[in-house]
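If you read the sequences in order, they're chains A and B. Following our numbering, the numbering of the first sequence begins with 1092 at its first residue and continues without gaps. Following our numbering, the numbering of the second sequence begins with 15 at its first residue and continues without gaps.
A few of these clues could be false.
What the hints assert, rightly or not - Chain A side only, calculated, beta carbon under 7 Å to chain B, not exhaustive: (1) His1096; (2) Ile1098; (3) Ser1128; (4) His1155; (5) Gly1253; (6) Leu1255; (7) Phe1259.
Hints were generated in silico from the structure; no laboratory data involved. Even for Gly, the Cβ is constructed at its ideal location relative to N, Cα and C.
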Amino acid sequence: MAEVHVIGQIMGATGFSESSLFCKWGVHTGAAWKLLSGVREGQTQVDTPQVGDMAYWSHPIDLHFATKGLQGWPRLHLQVWSQDSFGRCQLAGYGFCHVPSSPGTHRLDCPTWRPLGSWREQLARAFVGGGPQLLHGDAIYSGADRYRLHTAAGGLVHLELGLLLRHFDRYGVEC
Amino acid sequence: MAAAGPSVFLLMVNGQVESAQFPEYDDLYCKYCFVYGQDWAPTAGLEEGISQITSKSQDVRRALVWNFPIDVTFKSTNPYGWPQIVLSVYGPDVFGNDVVRGYGAVHVPFSPGRHKRTIPMFVPESTSKLQKFTSWFMGRRPEYTDPKVVAQGEGREGKAWAQWLSLCLWLRS
């Protein structure tokens, strides 16, 4: 079986109108992939920038996969939330990016979006907070039912991922 | 070339904690330690250290320079648990107590060669205003008993950090 190591960090986020952000992340893979070590999902701490406007998380990611096929190459999906001084959480954006497929260190910028509701919901969000959220997280990384959504842009999430591949040449895959 | 058992590889890291930018604080020292998985073990060098105390230079740069050496070699059979270097910076507060000014962590680079890393530093923040005031007054800021927690992914939810500044690291692996 070929093996893939994904080792890196979710560095932080920029461009969000809210401060005090945290990120829930997860990795989705196809059926042929098996996670040998590492946690498949997690949540960062809440960060409040004091200097500048980038929220830094430096959240480590260390995953070790074994796979029998290339289909379902891992995708990292992210949900960025903001927390206000009362402890309430509001969605700031959804985003996903594919884990890179060439070995080495990669800097990724993942754009995010959030669902827009009707004008009433947008007005309520501006005053009271809240706002529509996805019921099922699959729409974040799958293109299947996206045409139903109307969304607005969020900020960017910055990641640095290093990739180590092993035994792919045995199966005739060049990387 | 085919090995019968797991193959061992060595990772040699040498470099320095060069300097820091903390606009609001002075007279700082830093501690480093390495966090790694179960399949890793240090074979040579020091995996922990404490630097000297440095003050801001009098010239226009206002630089805080440590130039603190790091020299360690690890051996492992598995890339999982790739070492991370955890840095904690401490300095005196207005009452003279030693308080934590920031924690940060970064993975050791994967590719051979010279790498420069500037890492953001975080300070855990108290959630209530009263606790913030008493901790400022008593000099007992929220602090981690084991700084290695900073390098872990689990258990981070629910903690609030205020981010202060950056620390510059040169690493060669």
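Against the structure, the hints come out as follows:
| no. | hint | verdict |
| --- | --- | --- |
| 1 | His1096 | holds, 5 Å |
| 2 | Ile1098 | holds, 5 Å |
| 3 | Ser1128 | holds, 4 Å |
| 4 | His1155 | holds, 4 Å |
| 5 | Gly1253 | holds, 5 Å |
| 6 | Leu1255 | holds, 5 Å |
| 7 | Phe1259 | violated, 15 Å |
Violated hints amount to a single one, hint 7; each of the other numbered hints is respected by the structure.
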